[in-house]
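Chemist: Sequence:
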Amino acid sequence: MESILFEITDGVATLTLNRPDRLNSFTAAMHQEVREALAEVGREGSGVRCLLLTGAGRGFCAGQDLSDRAVSPDAEMPDLGASIETNYNPLVRTLRSLPMPVVCAVNGVAAGAGANLAFACDIVLAARSASFIQAFCKIGLIPDSGGTWTLPRLVGHARAMGLAMLDDKVTAEQAEAWGMIWKAVDDDKLADEAKALARHLATQPTKGLALIKQALNASSTNGLDEQLDLERDLQREAGRTRDYREGVSAFVAKRAPQFEGR
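Basically the numbering used here = 1-based index in the sequence shown + 20.
Among the hints, erroneous ones may be present.
[To be verified] Below are the DSS-like pairs computed for lysine-lysine, each with C-alpha atoms no more than 30 Å apart in a straight line:
#1 Lys233 to Lys189
#2 Lys215 to Lys189
#3 Lys189 to Lys209
#4 Lys158 to Lys215
#5 Lys274 to Lys209
#6 Lys233 to Lys203
#7 Lys233 to Lys215
#8 Lys189 to Lys158
[What the hints assert, rightly or not] Restraint-style ranges between C-beta atoms, simulated for each label pair:
#9 Ala178 to Pro277: 41 to 47 Å
#10 Arg262 to Met185: 46 to 52 Å
#11 Ala270 to Glu105: 31 to 37 Å
#12 Ser149 to Arg262: 38 to 44 Å
#13 Gln247 to Leu161: 52 to 58 Å
#14 Pro110 to Leu248: 28 to 34 Å
#15 Ser240 to Ser87: 31 to 37 Å
#16 Leu161 to Pro119: 30 to 36 Å
#17 Ser87 to Gly65: 36 to 42 Å
#18 Arg113 to Gly65: 20 to 26 Å
#19 Arg63 to Asp212: 25 to 31 Å
#20 Gly182 to Pro110: 26 to 32 Å
#21 Gln247 to Ala270: 25 to 31 Å
Hints are computed from structural coordinates only; laboratory data are not their basis. For each residue, glycine too, the CB sits at the ideal point set by N, CA and C.
Whenever a hint applies, use it, and build me the whole structure from the sequences.
Modeler: Shown next as structure tokens:
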């Protein structure tokens with residue numbers, strides 16, 4: 021793979037966007053490599069129980085590499101909707117639906133689709149020097165990759181509108197204060213803290229964590245009655261897992277549980 025780094029160790033799959041000279045901006049080739057890696061993550065029997073997503077170099081992801089689809093004045097106008105349908109929408113849907121925790125370590129600027137890619141993950145850590153910026157309005161576009169869905173839910177309508185229309189940069193500490201991310205950490209501690217978090221999650225009852233993810237993702241569109249019914253159904257499923265049985269047994273025996281993610 022030329023555009024990403026990918027490895028699986030001790031139940032943690034680490035996917036690193038690796039075009040540092042272009043701030044890890046996406047090309048069609050990079051999308052293909054990410055799709056292949058995520059297919060391996062989701063493959064039954066892969067042993068992956070947590071995904072860690074990060075970037076190489078001084079940026080996390082600057083969104084789309086515009087040079088990959090440059091438009092000359094006399095050229096036919098591109099179908100950006102086709103690019104979104106083929107690349108970005110499936111990527112966001114996959115991250116949201118993976119049956120495991122997805123941790124994102126934002127090591128630098130996250131702009132455009134790069135910012136919204138981070139917001140599609142389950143737990144986001146960011147270096148204090150990192151920043152989030154929508155950037156779309158600067159070139160006459162709208163936030164994509166789920167941005168118009170996630171932003172209002174993370175920060176409210178007024179802030180989402182301001183961020184989308186004014187192109188304001190949000191620091192990591194401000195993002196934490198606004199509830200856009202889980203935590204801002206010192207730059208030199210980001211990699212270690214993100215790896216430790218991912219390793220911890222990979223030892224937990226990951227089937228149950230996947231059900232938590234499913235329930236919380238559904239809550240933004242469900243009414244109370246629908247959510248209560250969903251909680252009932254998912255709790256029934258969780259109660260039939262080996263990890264639930266192990267958790268109760270360990271609690272009663274006053275020992276550390278050994279979860280298998282099943």
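Chemist: Could you say whether the range 26 to 32 Å given as a hint is met by the Cβ separation of Gly182 and Pro110?
Modeler: holds, 29 Å
Chemist: Does the beta carbon distance between Arg262 and Met185 stay inside 46 to 52 Å, or does it fall outside?
Modeler: holds, 50 Å
Chemist: Indicate whether the distance between the beta carbons of Arg63 and Asp212 respects the range 25 to 31 Å.
Modeler: About 28 Å separates the Cβ atoms of Arg63 and Asp212, which means 25 to 31 Å holds.
Chemist: A range of 20 to 26 Å was offered for this pair. Does it hold for the Cβ distance of Arg113 and Gly65?
Modeler: holds, 22 Å
Chemist: A range of 52 to 58 Å was offered for this pair. Does it hold for the Cβ distance of Gln247 and Leu161?
Modeler: violated, 34 Å
Chemist: Is the hinted range of 38 to 44 Å satisfied by the C-beta distance from Ser149 to Arg262?
Modeler: holds, 42 Å
Chemist: Verify the proposed pairing of Lys233 with Lys189, using a straight-line Cα cut of 30 Å.
Modeler: Satisfied, since the Cα-Cα distance of roughly 28 Å is no more than 30 Å.
Chemist: Should the hint that Pro110 and Leu248 are 28 to 34 Å apart at their CB atoms be regarded as holding?
Modeler: Roughly 31 Å apart at Cβ, these two residues keep to the hinted range, so it holds.
Chemist: Would the hint linking Lys158 and Lys215 be met if the CA-CA limit is 30 Å?
Modeler: With a Cα-Cα distance of about 35 Å, the restraint between Lys158 and Lys215 is violated, given a limit of 30 Å.
Chemist: Can you let me know if the beta-carbon spacing of Ser87 and Gly65 is within 36 to 42 Å?
Modeler: Given about 39 Å between the Cβ atoms, the range holds.
Chemist: Verify the proposed pairing of Lys274 with Lys209, using a straight-line Cα cut of 30 Å.
Modeler: violated, 33 Å
Chemist: Take a look at whether the Cβ-Cβ distance between Ala178 and Pro277 falls inside 41 to 47 Å.
Modeler: holds, 44 Å
Figure legend: structure checked against the earlier numbered hints; hints not met, in rising order: 4, 5, 11, 13.
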